[in-house]
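S.K.: The listed protein sequences correspond, in order, to chains A and B. Position 2, counted from 1, in the first sequence is what my numbering calls 2; the numbers after and before it change by one each time, with no gaps. Position 56, counted from 1, in the second sequence is what my numbering calls 56; the numbers after and before it change by one each time, with no gaps.
These aren't lab readings, by the way, just hints derived from the structure by calculation. In this text, a Cβ means the ideal position worked out from N, Cα and C, and glycines have one as well. Just to be clear, a hint being listed does not mean it is correct.
Just the calculated beta-carbon pair ranges, DEER-fashion [stated by the list, open to error]:
1) A:64 - B:38: 32 to 42 Å
2) B:583 - A:74: 48 to 58 Å
3) B:56 - A:54: 22 to 32 Å
4) A:75 - B:75: 38 to 48 Å
Derived DSBU-like pairs: lysine-lysine, alpha-carbon spacing no greater than 30 Å straight-line [stated by the list, open to error]:
5) A:32 - B:62
6) A:71 - B:212
7) A:52 - B:62
8) A:64 - B:9
9) A:43 - B:613
10) B:353 - B:396
11) B:212 - B:613
12) B:112 - A:2
13) B:212 - A:32
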Amino acid sequence: MKSATIQLETLTCPSCMQKIEGALKKLDGIDKDTTKISFNTSKVKLDFDEEKLSIQEIESAISKLGYDVIKSIVK
Amino acid sequence: MQRLILKSKNKIVLISGILIAIAFINKWTTGNVSVFIWSLVIASVLGAAPIAIQAYQALRVKVVSIDVLVTIAVVGAFLIQNFEESAIVTFLFLFGAYLEQRTLNQTRSAIKELTEMAPESALKQMENGEFEEVEVDEVDVGDILLVKTGAKVPVDGIVLTGEGSINEASITGESIPVGKEKGSNVYAGTILDNGTIQIVADRVGEDTTFGKIIELVEEAQDSKSEAERFIDRFSKWYTPAVLVLAFVVWIFSRDVELAITILVLGCPGALVIGVPVSNVAGIGNGARHGVLLKGSEVISDFSRLDTMVFDKTGTLTVGNPSVAEKLYYGKDIEETLGYLASIEKESDHPLAKAVLEEIGETKISPVTDTEVVKGGGIVATVNNRRVAVGNVALMKKENVKLSEEAQEDIASFEKAGNSLVITSVDGELKILMGIRDQIRPGVKEHLHRLKKLGVKNLIMLSGDNQGTVDLVSKELGLTEAHGNMLPEHKSEYVKMLIEEKGQIVAFVGDGVNDSPSLALANIGIAMGGGTDVAIETSDVVLMNSDFSRLPHALGLVKATARNMIQNIFIAVGVVLVLLASLLFSDWMNMSIGMLVHEGSILAVILNGMRLLKYKLK
Chain A
1 MKSATIQLET
11 LTCPSCMQKI
21 EGALKKLDGI
31 DKDTTKISFN
41 TSKVKLDFDE
51 EKLSIQEIES
61 AISKLGYDVI
71 KSIVK
Chain B
1 MQRLILKSKN
11 KIVLISGILI
21 AIAFINKWTT
31 GNVSVFIWSL
41 VIASVLGAAP
51 IAIQAYQALR
61 VKVVSIDVLV
71 TIAVVGAFLI
81 QNFEESAIVT
91 FLFLFGAYLE
101 QRTLNQTRSA
111 IKELTEMAPE
121 SALKQMENGE
131 FEEVEVDEVD
141 VGDILLVKTG
151 AKVPVDGIVL
161 TGEGSINEAS
171 ITGESIPVGK
181 EKGSNVYAGT
191 ILDNGTIQIV
201 ADRVGEDTTF
211 GKIIELVEEA
221 QDSKSEAERF
231 IDRFSKWYTP
241 AVLVLAFVVW
251 IFSRDVELAI
261 TILVLGCPGA
271 LVIGVPVSNV
281 AGIGNGARHG
291 VLLKGSEVIS
301 DFSRLDTMVF
311 DKTGTLTVGN
321 PSVAEKLYYG
331 KDIEETLGYL
341 ASIEKESDHP
351 LAKAVLEEIG
361 ETKISPVTDT
371 EVVKGGGIVA
381 TVNNRRVAVG
391 NVALMKKENV
401 KLSEEAQEDI
411 ASFEKAGNSL
421 VITSVDGELK
431 ILMGIRDQIR
441 PGVKEHLHRL
451 KKLGVKNLIM
461 LSGDNQGTVD
471 LVSKELGLTE
481 AHGNMLPEHK
491 SEYVKMLIEE
501 KGQIVAFVGD
511 GVNDSPSLAL
521 ANIGIAMGGG
531 TDVAIETSDV
541 VLMNSDFSRL
551 PHALGLVKAT
561 ARNMIQNIFI
571 AVGVVLVLLA
581 SLLFSDWMNM
591 SIGMLVHEGS
601 ILAVILNGMR
611 LLKYKLK
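Bound conformation, chain A alone:
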């Protein structure tokens, strides 16, 4: 398991969070319990299984929704 912090462009509507959350939870390899999307900081924090999923796949799932990923840190 690795944990990622993904900085997004400014989120403006709380329903954006629901959308991103919905899209992420569809991905196989994401730990749903640790997935946290912060509205004000426009950040996504989550743990994922690096054998099933890459950070690029997570990023593209978000950017497909129309939200730009500014940077992500994986530890």
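Assemble the complex: chain A is given as a structure, and chain B must be docked to it using the hints.
M.R.: For chain B alone, coordinates are given in the frame of chain A:
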């Protein structure tokens, strides 16, 4: 394609605005109906595209978002050929979203300023001994780093070589530079004002004090209170409910116009955004003023505070005893001060330190025949003169004559809560010093402001004897004061106030020995220069132990709590008024509904923004 449309939202707003303007200018001047209609049709299709894409994405992850409601409404308006409505509604919706983004960035600016103070690069010593610039993420514990004048200290560490002075405002709020030399601790995010130092990294990244402060503030702004979680749950069901309602209305009335108007009016925008906006602006204001608030739950409890409990030493008083009053008798005072200093220099009595600090630089003479009188003081020979330093009992034992005037002075010193240090030379009274732990400057005024802000009880708890405690309490005008209390007694007392008296209690302490009370109180307020314990156990941290921040903090949380309530009222009020006017009047339509809806969102954001400028009067 989808991304392209979403990326060009701003251009679409502009174009569709121009098209709508063309349409109406045409209608009023030339009256050309086909230009009017075609402009509006193009504007509608252009404007609806990004909204429809967002709606589609939301539905794919099973979310009925506002975009879904608006898309259905616009399609409905288009089908009944009301192009005026479909064009204006899409334009207003997109333009509103644009303004929201701009203003929301404003409310978040205060916290952004803080996070931007984080260091980004470091000069790290490589294997060949040279220093090279690297990203701060690449620094590990144990690395040796070079910090030059004007640069930020990249990580927490210890000075290896060199010296300089550092501005630690980002950690302590105190902007007077602090001198650093070999062995001193330095903190990430502070700035080296002058000098050059080499440091060894001790803690890096999120483990540094500054990293912890940032994490705390970032988590605080998105932490949710019970009320907010309720609104979130509510809005999850609210939008689908509006959809169902509109559908039912359409089934029964067969009035498409009415059904789609309900869709637009039902948008919950201002409600879901109102509270987070107040929250982030309030926390941002605090962060700028040295008050760290841990989230909206804290804001709500803190604003309803009944009782504030203070630790005495170090919170209300300075914490180390100092000479508060002194009187000289007779001549040769310079000489006597020298004798006094010479004797006190050899003593490890706590009062001796205060006396030496007061005297400062002076001539030190050799001291012989030192005799410590238990419960009295010291008698010794300096320069062949017999010098006695101690209390009244020692003076009596030494047969020092105390004049009536001197006796009155002694009585008044004692009444003010001083411990006495009397000095006599060859049996003659020379110096009278009164030493006490002094009240921090300005504390009295700040306590008065707290009372004016509505704190009912101000209570002091202290390990000191009741006599001293009563004196301080009287001087400060406190409600209650209790002495002889150990840390566990303090926490029991706090528990009693909460459980038996049902009060909302804040405990203000230094965060080190008072952690149990800080944790037990409804609101734990740590006066700590960003120490780890203080940051972790408390709900509110006052940077730089600055007592003057306390009234600001209370005023701010009250203003923030009020602001949230105002925003909820604006949001709910607007929806109610809109629905009522839809049912009972005939001027309501989709465009006006969207205008009012977007207006209410901007109103709550602008209202929240006022908090950024909040200052206690």
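S.K.: Compare the structure with each hint and give your call.
M.R.: For each hint, the structure was consulted:
Remark: the range hint 32 to 42 Å for residue 64 of chain A to residue 38 of chain B is upheld by a beta-carbon distance near 34 Å. Between residue 583 of chain B and residue 74 of chain A the Cβ separation comes to about 54 Å, which falls inside the hinted range of 48 to 58 Å. Between residue 56 of chain B and residue 54 of chain A, the C-beta spacing of about 26 Å keeps the proposed range 22 to 32 Å intact. Under the hint 38 to 48 Å, the C-beta atoms of residue 75 of chain A and residue 75 of chain B, about 46 Å apart, fit the expected range.
For the suggested pair residue 32 of chain A and residue 62 of chain B, the alpha carbons sit about 16 Å apart, so the restraint of at most 30 Å is met. Restraint check: the Cα-Cα separation between residue 71 of chain A and residue 212 of chain B comes to about 20 Å, which is no more than 30 Å; the hinted pair holds. In summary, the hint linking residue 52 of chain A to residue 62 of chain B is supported, as the alpha carbons are separated by about 24 Å, within the 30 Å threshold. For a cut-off of 30 Å, the pair hint linking residue 64 of chain A to residue 9 of chain B stands: about 16 Å separates their Cα positions.
The straight-line distance between the Cα atoms of residue 43 of chain A and residue 613 of chain B is roughly 26 Å, inside the 30 Å bound, and the hint therefore holds. A hinted pair counts as satisfied when its Cα atoms are at most 30 Å apart, and residue 353 of chain B with residue 396 of chain B qualifies at roughly 24 Å. Between residue 212 of chain B and residue 613 of chain B the alpha-carbon distance is near 26 Å, which keeps this suggested pair within the 30 Å criterion. A C-alpha spacing of about 27 Å is found between residue 112 of chain B and residue 2 of chain A, which places the hinted pair at or below 30 Å, so the restraint holds.
Restraint check for residue 212 of chain B and residue 32 of chain A: the C-alpha separation of about 25 Å stays at or below 30 Å, so the hint holds.
Checked against the numbered hints above, the structure violates none of them.
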